[in-house]
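Undergrad: So you can see what is in the structure, the chains are spelled out below.
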Amino acid sequence: MAPTPPTDAELNILITARLAALGIDLEQLPPGTTADPETGSPGRDTVLASLRSFVRGTVTALAAYQLPTPEAGDPETAKALSQQRVPLLYPSISTEWRKA
Amino acid sequence: MSVEPVDRTIDRRAFLARTAALAAVSAAGVTVALPGVASATGRRSPKPGASLDQPNAYTRPRPEALADPTELTIAEAGWLIRAGKLTPERLVEAYLARISAYDGTYQAFNLVLAEAAVAAARAAARRPRRGVLHGIPLAIKDNYFTEGVRTTANSLLFQDFVPPHDATAVARLKANGGIVLGKTQMGPLATTRATTPAGVVTTVNAWTPTNRNTDPGGSSTGTATAVAGRMATSGIGTQTGGSITAPSNAQNLTGLKPTMGRVSAAGIIPLSYTRDHAGPLARDAKDAAIMLTAMAGEDPADPRTQGLPDVPDLIDAATPVYHRNRVKLRWNTRIGVLPGFASGTSATALARQEYLARLAGIPGVTLVDVPLPEDWSQLTGGTFNAIRLPERSEPFMPYLRTDLRGFGVSVISWLQGALMGGNEFITGQRAKLLLMERVLDQIFDVCDVVVQTDPVPFDILGLPEIAFPIGVNTTGVPIGTILGGLPYGEDRLLSVVAAYQAVTDWHLRRPADPPVAAARARAADAPRLTAEEVAELTQ
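Chain order of the listed sequences is W and L.
102 is the number of the first residue of the first sequence in this note's numbering; add one for each residue after it.
29 is the number of the first residue of the second sequence in this note's numbering; add one for each residue after it.
Simulated from the structure, these hints should not be mistaken for lab results.
Watch out, some of these pointers could steer you wrong.
To be verified - Distance ranges between label pairs, derived from CB positions: (1) L:146 / W:121: 38 to 46 angstroms; (2) L:388 / W:105: 31 to 39 angstroms; (3) W:135 / L:128: 51 to 59 angstroms; (4) L:555 / W:109: 47 to 55 angstroms; (5) L:90 / W:123: 54 to 62 angstroms; (6) L:329 / W:135: 41 to 49 angstroms.
What the hints assert, rightly or not - Some residues of chain L that are not near chain W, with every Cβ distance over 10 angstroms (derived): (7) 91; (8) 128; (9) 410; (10) 415; (11) 433; (12) 435; (13) 436; (14) 449; (15) 459; (16) 516; (17) 533; (18) 556.
Note that CB positions come from ideal geometry on N, CA and C, so glycine has one too.
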């Protein structure tokens with residue numbers, strides 16, 4: 102059974118905890134939704150709202166994506182942990198780097 | 029006739045066989061010998077920088093350009109300098125005069141190096157000529173390191189940063205005789221059109237200098253405005269998501285985003301390391317070829333530049349060829365046309381229809397309808413485009429921990445990057461190979477270059493793109509288009525655009541000078557981007 106989608110409050114905890122684990126404190130930003138007029142920095146609530154949307158939309162969609170089975174591959178063994186395409190940071194360069 | 033371009037010298041079957049083998053090896057965790065990717069011709073081309081003094085690098089100036097040195101292309105100015113009819117100092121002084129008169133309106137430059145440029149021009153006059161770039165004033169985007177000169181990336185984070193050395197690309201331009209005229213305005217940290225770090229719009233489109241709402245293209249905005257507004261002969265920018273092609277299209281320039289690795293990114297303040305491409309924004313294909321020839325090639329400081337095909341003769345490629353006084357393509361080329369590219373009755377659609385018709389009339393061109401590859405919108409859309417975001421957050425962690433406000437209006441996408449997990453990032457990298465396979469198999473199986481309606485897909489893949497003008501809209505703002513090519517196929521792209529520019533004159537058109545009174549008086553009315561808008565628009 103799919104887990105219950107997180108609430109705004111749960112996502113706020115996730116986001117602030119994740120960033121805090123990296124050493125990033127959103128308290129550096131202005132409170133509320135008003136941007137700092139000098140730097141343009143958005144308010145914390147504005148940022149949290151945007152980041153919640155990012156997690157719900159982009160991160161969730163990427164996490165759910167299942168790559169198609171490579172040509173001539175067996176779908177049963179083509180799921181995660183098996184015969185997926187390799188991750189390539191530089192697809193154009195790799196056409197040359199794979200010459201050797 | 030010259031040799032074949034390099035884009036078709038990579039053996040496709042060997043490439044795919046090796047890709048499949050790599051996938052199997054990766055999953056199995058074993059090591060095996062893999063087939064190499066064969067070169068179809070074995071051709072190795074001239075070493076980088078060796079051809080900047082060749083005859084085709086120089087062009088006899090047009091009569092209308094003789095009256096005003098700021099109108100000259102690199103090839104034309106180089107011709108005059110070589111002939112002793114123009115000095116680098118006079119050329120620099122002419123640009124400084126225009127900057128003094130008009131940059132209050134354009135706001136293209138962050139910093140003008142007037143004294144240093146004049147000194148460099150005088151020194152150039154005393155030195156042996158180094159080729160066509162000798163004594164040519166250039167505009168440098170402010171995310172390229174410049175030795176001893178403040179380099180800000182238009183960010184509060186780097187407002188006091190003075191690099192100890194030049195970026196490799198800048199050093200190569202200077203070594204070939206180029207003169208750094210100044211550092212140009214850009215989207216903060218290379219994200220959007222040029223604004224202040226707080227989001228207030230600064231640089232205008234040189235074609236509508238009194239209207240800040242006209243998009244000048246970003247993020248290499250200042251370089252584009254400087255070159256279009258005749259405040260520099262040529263310039264350089266960077267592209268992560270259209271930042272060379274968009275301002276080039278917006279301001280009637282020929283911009284070339286090379287294949288990833290063709291130009292070193294060493295000494296460039298990063299945005300997304302797998303997608304940051306360095307390249308020129310120029311006045312025509314020949315100038316773009318000259319600039320790229322100077323910038324390109326291996327660099328010990330950037331491993332991505334190593335083990336690649338040698339830089340071909342781009343200047344020859346950008347030189348039109350004629351048969352019985354009629355322009356023909358240097359190499360027969362199949363140009364792929366994506367569905368809907370020229371459909372409709374908008375000014376852009378009509379310009380595209382006329383563009384395709386002109387192309388079709390050039391001997392050697394074959395237009396080919398090509399499909400959008402399977403899952404194109406998904407694999408190139410916003411979700412998969414977002415996998416670049418951890419690349420910007422990771423190197424900026426020290427700043428994210430201590431100075432979030434220093435990111436100004438741009439901070440959200442850096443925080444998004446920090447939130448994305450490793451799983452999602454790796455899935456995105458796998459999808460790149462899937463996308464590459466489909467682009468090769470479903471587009472480039474039937475064509476050699478392909479029209480683009482959005483620069484992002486080829487930015488994701490690191491494939492080359494060239495932007496150039498094909499018309500104007502009803503308000504006189506330029507309309508441009510983009511062609512994309514195979515890996516390291518810059519020579520073929522340049523050859524097509526050179527032929528098109530030999531039969532059209534869009535690239536020769538220049539914007540009118542702005543009214544001087546338009547200067548900064550209206551700065552208080554400047555539009556401002558919000559952080560949410562920047563998060564949507566960011567490159």
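Undergrad: Which earlier hints can't be squared with this structure?
TA: Going through the list in order, the structure violates hints 1, 2, 3, 4, 9, 10, 11, 12, 13, 14, 15, 16, 18 and respects the others.
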